[in-house]
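Peer 1: Given next are the chains, with one letter for each unit.
Protein chains: 2
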Amino acid sequence: MTATTTRELVGIDERRLLRRLDDLAQRGALPRGGIYRPLYSPAWSSAMDLVTAWMKEAGLLTRRDAVGNVWGRIEGSRGGRVIATGSHIDTVRGGGALDGALGVVAGIEAVSSLWQRFGRSTRILECVAICEEEGSRFDTNFWGARAIADRLEPGEADRVRDADGVTLAEAMRAVELDPTTAASAVRRDLDSFIELHVEQGPVLEDHGPRLGVVTTIAGTAHLEVTVRGQPDHAGAMAMDRRRDAFLGAAAMALAIADAAVRMGHPAVATVGTMAVEPSQVNVVPGLARFTVDTRHPDPARRSELITQIGDASKRIASERGLSLEIRTLRDRPPVTLSPRVTDVLRRAALAAGVEPREMTSGAGHDAQVLTAAANTAMLFVPSIGGRSHCPEEATAAEDVVLGTRVLATALRDLAYQA
Amino acid sequence: MTATTTRELVGIDERRLLRRLDDLAQRGALPRGGIYRPLYSPAWSSAMDLVTAWMKEAGLLTRRDAVGNVWGRIEGSRGGRVIATGSHIDTVRGGGALDGALGVVAGIEAVSSLWQRFGRSTRILECVAICEEEGSRFDTNFWGARAIADRLEPGEADRVRDADGVTLAEAMRAVELDPTTAASAVRRDLDSFIELHVEQGPVLEDHGPRLGVVTTIAGTAHLEVTVRGQPDHAGAMAMDRRRDAFLGAAAMALAIADAAVRMGHPAVATVGTMAVEPSQVNVVPGLARFTVDTRHPDPARRSELITQIGDASKRIASERGLSLEIRTLRDRPPVTLSPRVTDVLRRAALAAGVEPREMTSGAGHDAQVLTAAANTAMLFVPSIGGRSHCPEEATAAEDVVLGTRVLATALRDLAYQA
Chain A
0 MTATTTRELV GIDERRLLRR LDDLAQRGAL PRGGIYRPLY SPAWSSAMDL
50 VTAWMKEAGL LTRRDAVGNV WGRIEGSRGG RVIATGSHID TVRGGGALDG
100 ALGVVAGIEA VSSLWQRFGR STRILECVAI CEEEGSRFDT NFWGARAIAD
150 RLEPGEADRV RDADGVTLAE AMRAVELDPT TAASAVRRDL DSFIELHVEQ
200 GPVLEDHGPR LGVVTTIAGT AHLEVTVRGQ PDHAGAMAMD RRRDAFLGAA
250 AMALAIADAA VRMGHPAVAT VGTMAVEPSQ VNVVPGLARF TVDTRHPDPA
300 RRSELITQIG DASKRIASER GLSLEIRTLR DRPPVTLSPR VTDVLRRAAL
350 AAGVEPREMT SGAGHDAQVL TAAANTAMLF VPSIGGRSHC PEEATAAEDV
400 VLGTRVLATA LRDLAYQA
Chain B
0 MTATTTRELV GIDERRLLRR LDDLAQRGAL PRGGIYRPLY SPAWSSAMDL
50 VTAWMKEAGL LTRRDAVGNV WGRIEGSRGG RVIATGSHID TVRGGGALDG
100 ALGVVAGIEA VSSLWQRFGR STRILECVAI CEEEGSRFDT NFWGARAIAD
150 RLEPGEADRV RDADGVTLAE AMRAVELDPT TAASAVRRDL DSFIELHVEQ
200 GPVLEDHGPR LGVVTTIAGT AHLEVTVRGQ PDHAGAMAMD RRRDAFLGAA
250 AMALAIADAA VRMGHPAVAT VGTMAVEPSQ VNVVPGLARF TVDTRHPDPA
300 RRSELITQIG DASKRIASER GLSLEIRTLR DRPPVTLSPR VTDVLRRAAL
350 AAGVEPREMT SGAGHDAQVL TAAANTAMLF VPSIGGRSHC PEEATAAEDV
400 VLGTRVLATA LRDLAYQA
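For the protein sequence lines, the chains are A and B, in the order given.
If you're matching positions, the first sequence starts at 0 in numbering that gives the first Met the number 0 and goes up one per residue.
If you're matching positions, the second sequence starts at 0 in numbering that gives the first Met the number 0 and goes up one per residue.
Because the hints were derived from the structure by calculation, they are not lab data.
Positions of the beta carbon are idealized from the N, C-alpha and C atoms, including for glycine.
A hint or two may mislead.
Stated by the list, open to error - Computed, partial: chain A to chain B, Cβ under 10 Å:
{"#": "1", "residue": "Val91"}
{"#": "2", "residue": "Asp231"}
{"#": "3", "residue": "Ala237"}
Bound-form chain A, shown alone (with noise of 0.2 Å):
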């Protein structure tokens, strides 16, 4: 039998751990609260130095590839395909200290103590700080795990620009990666990737256990949408009179909102942007435009929650006297994580005494884009209130241990086969 017979969890430099997620949590930190680390920023390069620096102080050996993707790995007795785990380095803006960085540093953490304890594996093993996941900065995302995962665009990098109209590719030079090298980034040698994370929702939290394996990321679907009215003069357009294509708007999120409620969780769908024409105090809005973010981990359910959403918002805009258009700004599938390794990530937790819920996620995460490239899973650990994309984002210290004891003990059974 192999190493995942074992019971024994693995044991790490707890105190280390954490001292390093305070300390990662510095690079980017926010003068009134929160941390901004965008790609390929001052605050991104310093982080990426941090933990590149951690790696070589293990002993691993440490590699950027050509995305900036920064990779340390114990070279296995058999070589052969790799073991691997990690998250991103990027943050929201006003983001908070364990989004990402819990899977970078609990990786670190992991592989360190394991190379520590009991030296080479037999499998190749490596963790990995991802150069971004979130759209930090670009009007794109997952940029460094769909390198590895042989999914970026042709000419995206020259294609893309971020706020203040600079590309992807010149803000690569800038940090000394040669944009034209990107495709080199590609990994066909992965076996497996586990991603530590804070679930970021509520479950965990209100209904236990201490952890959570993800066995479906939810397939988010991105509209935009965009109601015409009339717009007239606020003091002398009577009411009955009006085409008003803000109200319009307002009743089709409310009606948004109920349909993914009255689906029941874990449908969501969120207004998260909302622009109104001519926006002026007095003047009737001609124009609302939205976006509505939507999920759900069945597809058919989520079809559903589409197809729902989108007549709410027509018969609204018929009572209404409306013009409505709905584009379709991203449709990204619901994806399924690999049974074979989220039952190793299971075994692992029981190790630990605790039985892990079943949990689909509902945000997305680098995991979802390696399944292209790894038998890919996730762990999930409690987030405090749920909270998330914040600065009150939080995680019980004995909880940050237990997921990367629990992280680095699959790691140990995947790797260090006998």
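On the provided structure of chain A, position chain B as indicated by the hints.
Peer 2: Same frame as chain A, now just chain B:
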């Protein structure tokens, strides 16, 4: 008896009137339709030059006052207090050809026709192109009428800026006006002021007749409502755990409009602007901020409406676990116009065979400010489709002519008394 008993409608040069309206609409015409003549801009100067030339062509004594209002005058044989007419030359961005412009062009036509047909008046008779009413460029409005009515605020020209940061004082100097002399634009010698204006609403078109006299101008309240909830991950945070600030704001906007609908015409309430934060497709809005414009000509009903708006917003915030802040940006009480001068207008309309509708104006007008300086009245002609502040703003040519002839008749009755 005075000339007010005359039953004959004064004749005007109808073709000249309509041609001039077309000519003025070229000044500030936008390439894609609509007009924009912001205060002290090149388009504004060009329009002012045009109307000044028309006044001179009629032989009127012309004068540009300290803020740029242009006056054309017939010296009355008996002197005394002045009879005046006019409206504003500026427009909203993408506005139409009649809001303000009709009162300017018709005022010049009426005074010019009276001078040409009846010679010197007994009372002093003036027409005026008022420099600004719309808030067309600066974060202020009624600049021209307030200068006439001694309602400028100390230091206002140095304090108020346009979107590019240019102060009103700097903009004045650019068109060779001296901001330090603005106070000299005050007129303390006015007796009566009549403003002809398009209705900007659908009442006359829907219910007739072709003329309206304004008894009251509705008081405008502008509120700024800030709703605070909790920003969360749009994929990971369960629907029933959210405190979505935008959904609260959407429910408030619908309730606010409903409050005006339930109170009935002429109550109006409009949410014209809406901003959410962080305004990302995949983040639940933590903050929503919107404006409310609400009006009613009856002070008690107006207060009731503002109370209802506040109460509905508070109830919704409480139901949804949101915090609420309501700030009053502007609070102008309703203004009652002069029954005496309105009666002169009514009799002039009767001379045209029209019993005018007594109306309240939901829109604000120079006339409401000039009540502080003169006995003031307003005459409305129909707006096709009730449309205004848009390129489609229009009035039938025969109604433009009718309104101008009735204006000229009323001015004759006031200024040519035996």
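Peer 1: Which of the numbered hints above does this structure break?
Peer 2: none
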